[in-house]
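Number of protein chains: 2
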Amino acid sequence: MPEFLKLIPIEQALQILLSNMHVKVSRDRVQALNALGRVTAESIYSPISLPPFPRSTVDGYAVRASDTFGASESLPAYLRVNGEIQMGSSAGFDINQGETGLIHTGGMLPDSCDAVVMIEYSQQVSMDTVEILRSVAVGENIIKVGEDVHPGQEVISSGVRIRPAEIGGLAAIGVLELEVAKKPIVGIISSGDEVISPESRLLPGQVRDSNSYSLSALIDQAGGIPRRYGIFPDQFERLEAIATRALGECDMLVITAGSSASARDLTSRVINTLGSPGVLVHGVNIKPGKPTILAVCNQKVVIGLPGNPVSALVIAGLFVVPVVESLIGLTNVGVRTRLYARLSTNVPSQAGREDWVAARLYSDVSGYQVDPIFSKSNLIFSLVRANSTIRVPPDATGLSAGDMVEVQLLT
Amino acid sequence: MPEFLKLIPIEQALQILLSNMHVKVSRDRVQALNALGRVTAESIYSPISLPPFPRSTVDGYAVRASDTFGASESLPAYLRVNGEIQMGSSAGFDINQGETGLIHTGGMLPDSCDAVVMIEYSQQVSMDTVEILRSVAVGENIIKVGEDVHPGQEVISSGVRIRPAEIGGLAAIGVLELEVAKKPIVGIISSGDEVISPESRLLPGQVRDSNSYSLSALIDQAGGIPRRYGIFPDQFERLEAIATRALGECDMLVITAGSSASARDLTSRVINTLGSPGVLVHGVNIKPGKPTILAVCNQKVVIGLPGNPVSALVIAGLFVVPVVESLIGLTNVGVRTRLYARLSTNVPSQAGREDWVAARLYSDVSGYQVDPIFSKSNLIFSLVRANSTIRVPPDATGLSAGDMVEVQLLT
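Chains as they are written, first to last, in our numbering: chain A, 1 to 411; chain B, 1 to 411.
There's no promise every hint is true.
Where chains are identical, the list cannot tell them apart; a pair therefore holds if satisfied intra-copy or between any two copies.
[To be verified] Straight-line alpha carbon distances no greater than 30 Å define the calculated DSBU-like cross-link-like pairs of lysine-lysine that follow:
(1) Lys290 to Lys182
(2) Lys287 to Lys24
(3) Lys144 to Lys287
(4) Lys182 to Lys144
(5) Lys290 to Lys144
Keep in mind the hints are simulated off the structure, nothing from the lab. Just so we're clear, the structure is a prediction, and the values are computed from it rather than from any experiment.
Turn these sequences into a full structure, and let the hints steer you where they fit.
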């Protein structure tokens, strides 16, 4: 039963997959306000300067800096106050040498001024005269036109996931619509003679399909549209027929195999009928999830996931998510947040294999701590109890209590 | 112009706010499959055992362990093979002493058996006889009934954000619907004589409203429903009227003030008319974002945000997000992911104030590195360029290049 041709390290397996797939990002035009979580399919250039006018960063007096040179508490400069600059408009009065105007934070500096004196360093001595108690340099307490962004500048590049900051930025420059990547459709087929739908009553020996539901959620999170094709028995012709149809209708296909070795072997044979080059990797050097199948058929990615729910979800995070991210043109594909935390208990491991152990991460005064959750790999609720996974590198024979270890958050 | 009554540390300010607000979580009933990102409003108990039957974790032979005791390569145990246990059903044949049946990973162990011998440690010697080359202990290579979950066990507690793992777990136990927290409606009012909508053409001195858009996205991300009421000039009566209406219609209210000191003062006066106790905190010990107003009016939270876009977004992450999370009953409110990274450049800071500096976090072979992005605090695109913020603790007078510093991701 020689099912694993060879075991390939994770990074190498992902590279093989990404370098064989064909990416052509299709586009949707969306309102900026509805673009949260989408990925830009074009570079965004600012049509304007930001700020569009010289702004005061404080409450105070708009001045020519030269009028304040040498001013101090003992020898103030006296300036004539010509008026108050209203928010949202230009001054509406001139400020010449020896003159000033009251200005608010965010107010528009008149052309003839080049600095602002903070109100704390002034003292009004009459209706139209103010004492300046400290000198300011040219440019002090102002933001110049275009200091944030100048017209024509690229402000968001293509392939960026839109966050609240980008949405604010787009509003600030008046960009109301933009092109984002169309969400790819990811087909999901469940197979396994023992697998039934969650609605069905369990008979002896049967288990409910959880993989196609957890995978749907993961694909949704990553930016794809999951399409579930249902549950199929471990029969070559039926699996081949549904896989052929699904691959034609989708941008990518995931098949979760039954848990027996023969079912996994069946998945591999079915995938090899779907197009060339077919199966590229059969067996990845990771626990849980060794019997992973990575394939490209007619330029579309097909992934065969292990049947057990924890392996399926961990492996999908490592391979399905980066492929979905590639299909929407995201740069930094497959880059995840790693934390380092102090391990509470020894974690045994077999050298030569990368282990991922479900864990509970928490922080206290001394920093991050992490407790491994020991369980057999096919217990879905070990992942529900976990908020993270501890990585045991392939060259380690285990991790010791007190070690700082690499942890990845489960979201 | 004594606008800040006193500056309060962030944690204390948040505690004041959370302890004065009234939380009553309303409920929505949703399909488990549509519950991604929602927060449970009830504890979920498993109706079944998981696994519901004793399962083999390997491909091999189902045995009574006692039949294998003493077996070795030189002295194998001989067992009679009564048949193959099909996936998804019970054996359908008896296995008595001295007998066995072929079983697959995930297959159902017959009642009379208590262990499985891996196929690697067996050798078929005739049509119906197999040699067992190694002994197994009772329970070896099987998962017992209920080893993951037993009937009536709480599998997901109330107040938990649903991830793909929870969705898989719910499917596995056949829970198709559940109660989640209704999304709270968060009203957003923009004020400022200088503020115009993103659609409008800019006149001198005007800026486009970006805050209500970035805030909408942030509230959406946190699990609330943003409702924008538009932009209002800095006039007491008009602001009071719209704030009163919005607070009546929403579960929480956010007002982004104009940037001038008088506009901020106006916001505070308006909030104090909305109900008691009114303004609880006016001024938080953080840069950017000092002029933050935290209030509770008739048990609902009202937050006055600084007008500048970076301050508004940083402060909203610190106060608006935890309040939204409280309103949906999320436990671990306001807990964020902190990373530690090596700082590339000195960061100056004023002691006694907590500074948050926009930054670019990246990882290389030596771990996380972080580059501060120096800019004036009201440049929205400094946040767009950032993927994180560096925290400068209140007691530090700056951070030095090479220090390991606390970094928070911007998502």
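Results for each hint:
Proximity of Lys290 and Lys182 under a CA criterion of 30 Å is satisfied in neither setting, with 32 Å inside one chain copy and 41 Å between copies. Neither within a single protomer nor between protomers do Lys287 and Lys24 lie at most 30 Å apart by alpha-carbon distance, with minima of 33 Å and 44 Å respectively. Only between protomers do Lys144 and Lys287 lie at most 30 Å apart by alpha-carbon distance; the minimum there is 21 Å, versus 56 Å within a single protomer. Taking identical chains as interchangeable, the C-alpha atoms of Lys182 and Lys144 are never at most 30 Å apart, the minima being 38 Å within one chain and 45 Å between chains.
In this homomeric assembly, Lys290 and Lys144 come within 30 Å of each other (Cα to Cα) only across copies, at 23 Å, whereas the closest approach inside a single copy is 58 Å.
Of the numbered hints stated above, those contradicted by the structure are hints 1, 2, 4, listed in ascending order.
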